[in-house]
Amino acid sequence: MTEMNRKDYPAPEINPETETFWNATAEGKLLLKRCKACDKVYYYPRAICPHCLSDDTEWVAASGRGRIYSYTVLRKAPVPYALAYVTLEEGVTMMTNIVDCAFDDIALDKPVSVVFGDTGEGPALPLFTLA
Amino acid sequence: MSIRGKAYIAGAFEHPTRHAVDKSLVQLHAEVAKGALADAGLTKDDVDAYYCAGDAPGLGGLPMVDYLNLKVRHIDSTEIGGSSYVAHVGHAAAAIAAGKCKVALITLAGRPRAEGMATGTKPRTYGAGAPDVSFEFPFGPATASMYAMCAMRHMHEFGTTSEQLAWIKVAASHHAQHNENAVLRDVVTVEDVVNSPLVTDPLHRLDCCVISDGGGALVVVAPEIARDLKRDCVKVLGHGEAPKHLMAGHPDLTFSGARWSGPDAFAEAGVTPADIDYASIYDSFTITVLMTLEDLGFCAKGEGGKFVADGNLISGVGKLPFNTDGGGLCNNHPANRGGITKVIEAVRQLRGEAHPKVQVPDCQIALAHGTGGSLGARHGSATVILGRDDA
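Same order as they appear, the protein sequences are chains A and B.
This note's numbering puts the first residue of the first sequence at 1, with every later residue one more than the last.
This note's numbering puts the first residue of the second sequence at 1001, with every later residue one more than the last.
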């Protein structure tokens, strides 16, 4: 698929709590955090479960599939881009961009799948495109 | 303990400037402080509590109490964006009720216009160390876009239209024409709004508030102080505040924290939405108003579009006169934070000192609501209900 409607991506900051997430994106994998105590998946990743505060949490692979919960195209940006929230099959919603498609084809509830965006020296970013 | 009737707003002042290239930020804070104290008939030395938020430079309120040379025994720099100053009124009332202070000064000031700031369309963070930054900022969450995503979802779930959102701007413009200090004084139509350039779908340029310099200040006092002042003082009846966030990856963009702050404020005041004669509703964007009105209970969830249409928010025309100064959409959004101007116009209405063309007859009970931060991610909501002394 041709890359299009991608902005310049700054590198995310990495810290000991989140480096596993960013090491995985470099390999083309999207990880989520799951709490082994309460069995809930959450986002963004945290060492301590935001549902029950257990520290018995683990990384799990996401399907990489979801649906568009909401989006907008920032027309005033130097290069317009589609900011979005995507709800993954695992039930959590994450901020991202919808890329590699025409803005007019984007709509709420449409299925999307993950692709990864280059940040130069930093780790790759999880982006989504129409499935 | 309730704050109902335990504190009064004795002074309110909105800086007349909208473009302050020739003034410093702290100077604007001092000018609004002076204005509000003069309005109350109090002096600097009467102040025993100071409130500010993140627009004040430096470490919390310390630089401002130094600059103003205040001797206070209570200080609060609660920072929840543009909703801070509405929360400060509640905090000051609680502090007064608890005997911690008697005369609380609240100030806000900023000069984003003089600094050439692209307030809504350039993504920004509020500190690199915040845990969300790596998972959001790279995707470019400009402030306007974060409100736009709420509007998009609201339209999807409830059939809200751009024309309905436009009515909010139309109403604000009808009021702003009478405000000589307003940035935008021309009356606009629904067509003007929906035909203005798209900024971030579905929000058009005229769905967005102005970028302006200036500020405002309030003086909240104990009942025994209010009794001795010549000035008409406004009673604090109730207050509520609530942050809303992404709920560990389960955001619902169709409602705001007003769903939680509103009921607390109404319960404390002992009134209902039907009792509100005038409402100041934070209007960073048109969608902010629509969702807030639903969440405060002025109409059912999803019915906001119908509620705001056909001039229902225009003073003298509709059922709920709102933002009779022109609001952030037309009048003023100093420091990119509209909370204090919301309270100031509510005070004007209750004193009968709004512009005669927009004054609500026999205004007894008013509401002011602030929304600070990002409606589509983390935001603060704060609601206060104010009344005339016999309310």
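Because the hints were derived from the structure by calculation, they are not lab data.
Computed from a predicted structure; not experimentally measured.
Be a bit skeptical, because a hint or two may be false.
[Stated by the list, open to error] Taking lysine to aspartate or glutamate pairs in the DMTMM-like style, the calculated list, with each CA pair at most 20 Å apart, reads:
no., chain 1, residue 1, chain 2, residue 2
1, B, 1301, B, 1192
2, B, 1102, B, 1277
3, B, 1122, A, 8
4, A, 76, B, 1252
5, A, 110, B, 1045
6, A, 40, B, 1252
7, B, 1006, B, 1228
8, A, 40, A, 17
9, A, 29, A, 104
10, B, 1319, B, 1252
11, B, 1230, B, 1389
12, A, 110, B, 1157
13, B, 1034, B, 1045
[Said to hold, decoys possible] From chain A, some residues computed to sit far from chain B (all C-beta separations above 12 Å):
no., residue
14, 10
15, 33
16, 36
17, 55
18, 56
19, 59
20, 100
21, 113
Think of the CB as a built atom: it goes at the ideal place given N, C-alpha and C, for glycine as much as any other residue.
Status of the hints after comparison with the structure:
1. B/1301 with B/1192: The given pair, whose Cα atoms are some 27 Å apart, is violated under the 20 Å limit.
2. B/1102 with B/1277: Distance of about 28 Å is beyond 20 Å: violated.
3. B/1122 with A/8: holds, 13 Å
4. A/76 with B/1252: Violated. Residue 76 of chain A to residue 1252 of chain B sits at ~26 Å, over the 20 Å cutoff.
5. A/110 with B/1045: violated, 62 Å
6. A/40 with B/1252: Judged against 20 Å, a Cα distance of about 18 Å means the pair holds.
7. B/1006 with B/1228: holds, 15 Å
8. A/40 with A/17: Judged against 20 Å, a Cα distance of about 18 Å means the pair holds.
9. A/29 with A/104: violated, 28 Å
10. B/1319 with B/1252: violated, 29 Å
11. B/1230 with B/1389: holds, 14 Å
12. A/110 with B/1157: holds, 14 Å
13. B/1034 with B/1045: holds, 12 Å
14. 10: violated, 5 Å
15. 33: The claim breaks: residue 33 of chain A does not keep its Cβ more than 12 Å from every Cβ of chain B (closest is about 9 Å).
16. 36: The claim stands: residue 36 of chain A keeps its Cβ more than 12 Å from every Cβ of chain B (closest is about 16 Å).
17. 55: The claim stands: residue 55 of chain A keeps its Cβ more than 12 Å from every Cβ of chain B (closest is about 15 Å).
18. 56: holds, 16 Å
19. 59: holds, 15 Å
20. 100: holds, 15 Å
21. 113: Non-interface label stands for residue 113 of chain A: nearest chain B Cβ at 17 Å, farther than 12 Å.
Consistency note: the structure conflicts with the earlier hints numbered 1, 2, 4, 5, 9, 10, 14 and 15.
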